[in-house]
Amino acid sequence: MTTTIIKLDHLQKKFGKFVALSDVSFTLETGQILGFLGPNGAGKSTTIRIILGLLKSSGGSVSVFGKDAWQNDAKIHPRIAYIPGDVNLWPNLSGGEIIDLLLRLNNQKHNQKTDELIKSFELDPKKKAHTYSRGNRQKVALIAALSQDVDLYIFDEPTAGLDPLNEQTFQTEVLKLKKAGKSVLLSSHILSEVERMCDSIVIIREGQVIASGSLAQLRHLSRIKIAVATATSMTDISNQVGVYDLTYKNTAHTKAVFTADRDALGMIMKTLAAKTILDIQSTSPTLEDLFLRYYGKQGAHYAD
Amino acid sequence: MQTSNRNAKYLLLTNLQQNLKFSLIWLILLLTMLASGASKLEAAFVGKASSSIAIVKILQAPSMMAMFGTIPRVATYNTAIVFAGVMVVFMIILQALWVMQLIIRNTCVQEENGLIEMIRALNVGRTAIITATLLELLIDSIIMSGFYFLLLFTIDMNGTNLYGDCLFALGMLSANLLFGSIALLFGQLTNNSRTASTLSYMFLLFTYLLRLVTDLKQQKLTWFSPIGWFEKVDFYTKNNLWELGLSLLVSILVISSAFIIGSNRDLGSSIISERAGRTTAASWLHSIPTLLWRTERYLFIGWLISAVIFGCVMGSMLNGVGDIVKTNSLYRKILDVGQINAANQSMILSFLGMYLSIFIALAAIAGVQIVFRLKRDDNFGYLSIIHAGKPTRITISASYYCFGLLVGGLVLSAGLLALFFTGNTVLNQPLPLRYLEHLLSASIPAVTSFIALGIAISGLWPRLSILFWIYMGSGLIVKVFRGLFDLPKQIDNLTPFGWITNVPLTAVSQMWLSVMIISTGVLFVLGIAGYRQQDLTL
Chain X
1 MTTTIIKLDH LQKKFGKFVA LSDVSFTLET GQILGFLGPN GAGKSTTIRI ILGLLKSSGG
61 SVSVFGKDAW QNDAKIHPRI AYIPGDVNLW PNLSGGEIID LLLRLNNQKH NQKTDELIKS
121 FELDPKKKAH TYSRGNRQKV ALIAALSQDV DLYIFDEPTA GLDPLNEQTF QTEVLKLKKA
181 GKSVLLSSHI LSEVERMCDS IVIIREGQVI ASGSLAQLRH LSRIKIAVAT ATSMTDISNQ
241 VGVYDLTYKN TAHTKAVFTA DRDALGMIMK TLAAKTILDI QSTSPTLEDL FLRYYGKQGA
301 HYAD
Chain U
1001 MQTSNRNAKY LLLTNLQQNL KFSLIWLILL LTMLASGASK LEAAFVGKAS SSIAIVKILQ
1061 APSMMAMFGT IPRVATYNTA IVFAGVMVVF MIILQALWVM QLIIRNTCVQ EENGLIEMIR
1121 ALNVGRTAII TATLLELLID SIIMSGFYFL LLFTIDMNGT NLYGDCLFAL GMLSANLLFG
1181 SIALLFGQLT NNSRTASTLS YMFLLFTYLL RLVTDLKQQK LTWFSPIGWF EKVDFYTKNN
1241 LWELGLSLLV SILVISSAFI IGSNRDLGSS IISERAGRTT AASWLHSIPT LLWRTERYLF
1301 IGWLISAVIF GCVMGSMLNG VGDIVKTNSL YRKILDVGQI NAANQSMILS FLGMYLSIFI
1361 ALAAIAGVQI VFRLKRDDNF GYLSIIHAGK PTRITISASY YCFGLLVGGL VLSAGLLALF
1421 FTGNTVLNQP LPLRYLEHLL SASIPAVTSF IALGIAISGL WPRLSILFWI YMGSGLIVKV
1481 FRGLFDLPKQ IDNLTPFGWI TNVPLTAVSQ MWLSVMIIST GVLFVLGIAG YRQQDLTL
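So the protein sequences, as listed, match chains X and U. Quick note: my numbering has the first sequence finishing at residue 304, numbered continuously throughout. Quick note: my numbering has the second sequence finishing at residue 1538, numbered continuously throughout.
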């Protein structure tokens, strides 16, 4: 049975006259991993801080485990593990000390999992925090969060500053959480990370949710970019369902670049095969593509 | 040398802009102090022979001599001589507090923030940061002393002349250079702003105590204290120039050392090598109070040791305070032994009363520093993970606030106990214990009410922490100068310093004691409630 873990209903937040969030609504269910995407300054961290009861909302409602996030933070927090976007630690404490302290403050203990994580993230726990690089500070927070057994994990851009190997370790750990039926809110910039781990995605821009849904529903987000050369002209490909952003690279219309819906790939290939394919390259959409489509102003119509 | 300092001018301009507000506030404060000091004394002196004699007598009392420095013994006193006697030590301390902070902001703090790393990667010389900081110190100090000169020239106190005013302004400029260069050197020797500022303030305290002890006991030895060099100039009387030369020479030596270290040290390094930390946390590190103990213990112990040293030094002075009555032949003739002892004791008690305010101020600073750390730790993001965990805001804020109150109370008690018992070991007629009781029962609530004010401000209006410093600073200044400038009693009664005015001669009044206890409680609760409602800036 799924229950709602986080429910945001028309959330608003103003700092003086500045409107940081104008309308943010989404839900996170038990066992779900929700990807929270948006450009810098879109309001991701503000939303997370409101969920954590660190900021008071100016309008709308936020409930976590069915309780108001601001009023009942004391009841909610013991069931949460959190990693902020920018991890700052007490400069004179060692990484090992900080991990233990963060665990104890949530009534948890340094356990076997902690040791495993220290090993797999290759952290030197004896070093003082002020000697750590950004990635190492991030690791301290990750180890402390991932060694806890709680119901909800909130990660605010957790892999910024991590090298690809550690990023991989993080993704493996999150997939373990998913298997264990835990709920995760993952704010990220990295599309591949979100695609690999998340069931649903919420995209926020200028304090508003502009798209949300399951990965399947947002399949059009990940249209494939295709560059193709054919023996005969493929002018009629422009009428093909599922073809977007078509550009011909020569006047004979035998070279073209376009993006395609995954669902329509079969039909498109059939049409192209009839023109005798000489060369074909397909690439997944890059983060830049997504930024251009959804994060930029011109992407607003996708919200509908 | 030129390549090491390339593009220092851009850094200088940026730093000047960055510190404009900070330096402007300090400059206004210093000029106000100087102008009000000079004009008040001038008003008290002109045409009032009796009050001028009274002022000189007050200043020659040991408690005032300890506080402000010696006043030269001359046949006739004029405003200028008294002005120099009162203001030199006092202004140097204020100026040192300003320039030391300024230097550390420009060097250590920027290095910690990673700003210097970014700047050094550009076409900026290795010592350009030190050069820019030094130039800023020089520019600020020249502006300051220029205004000093203008003010003194305008007020035109009795006994001043152009040369004297000019020398006073130059003296204060060289004091800035001396204490600024000390902070610059400490900044290069350590790798964090906290150690650098602690060492700088310790140096200031040490030089102050050294001059205090030598001024009271053996004035020839005041030479050993850098503050003493400026006393020995004897502004407006002897106008000794070469004492200023000594301070300039030392400044140049210290600055050169800072440059040599700065051009050879690794970025972010310290001459003291750091030990590795623990693999796991100690078993007692499991709560916010123990976290505070872990992170702030050295600061706390530093304060405690300083308070005990300060208490012991002041205590050992008590004998001298009494002796002065005893050795006065006129008093000897007209008073019997019992009366002399009583007179001695009342001198000692008034000395204690004067210094009680300083002890209270120091303890309140120690406590409020911890209280304000809550907001600082929030701003630095240290607490962001903890806020998302089990500890509630009430637990977090109450831990910082209680720790602040505890530190304030303990620093005060340690200082006063050291003062009282060291005093009693040197006094022929030890003070009865009831005076210690008077001291503690009045000053502990005074300190807690000051710290509680800091707590309320930190919870309700965290950005307005300056209000606390204005309130306590002005209260202390009024307390110290009230006798001298004949300020109305009502002004003194605006802060706890005035509420305990006759302590330890008499016990604190029940009414003011209740006011302090109740205000501590109310302000504490307001602080906690305010913090509970804050939007946290993490």
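Just so you know, these hints were derived from the structure itself, not from any lab. Treat the hints loosely; a few may be bogus.
As the list claims (entries may be wrong) - A short list of chain U residues far from chain X (calculated; beta carbon distances all over 10 Å):
no. : residue
1   : LEU1094
2   : ILE1385
3   : ILE1386
As the list claims (entries may be wrong) - Result set (DSSO-like, lysine-lysine): computed pairs, CA atoms no more than 30 Å apart in a straight line:
no. : chain 1 : residue 1 : chain 2 : residue 2
4   : X       : LYS109    : U       : LYS1040
5   : U       : LYS1021   : X       : LYS67
6   : U       : LYS1390   : X       : LYS119
7   : X       : LYS127    : U       : LYS1390
8   : X       : LYS75     : U       : LYS1220
9   : U       : LYS1390   : X       : LYS182
10  : X       : LYS56     : U       : LYS1390
Note that the Cβ used here is the ideal one computed from N, Cα and C, for glycine as well.
Cross-check of the supplied hints:
1. LEU1094: holds (30 Å)
2. ILE1385: violated (6 Å)
3. ILE1386: Contrary to the label, ILE1386 of chain U does not stay out of reach of chain X, its closest Cβ about 6 Å off (not over 10 Å).
4. X:LYS109 with U:LYS1040: violated (65 Å)
5. U:LYS1021 with X:LYS67: violated (45 Å)
6. U:LYS1390 with X:LYS119: Within the cut-off at roughly 27 Å; holds.
7. X:LYS127 with U:LYS1390: holds (26 Å)
8. X:LYS75 with U:LYS1220: violated (68 Å)
9. U:LYS1390 with X:LYS182: holds (19 Å)
10. X:LYS56 with U:LYS1390: holds (18 Å)
Violated hints, in rising order: 2, 3, 4, 5, 8; the structure is consistent with all others.
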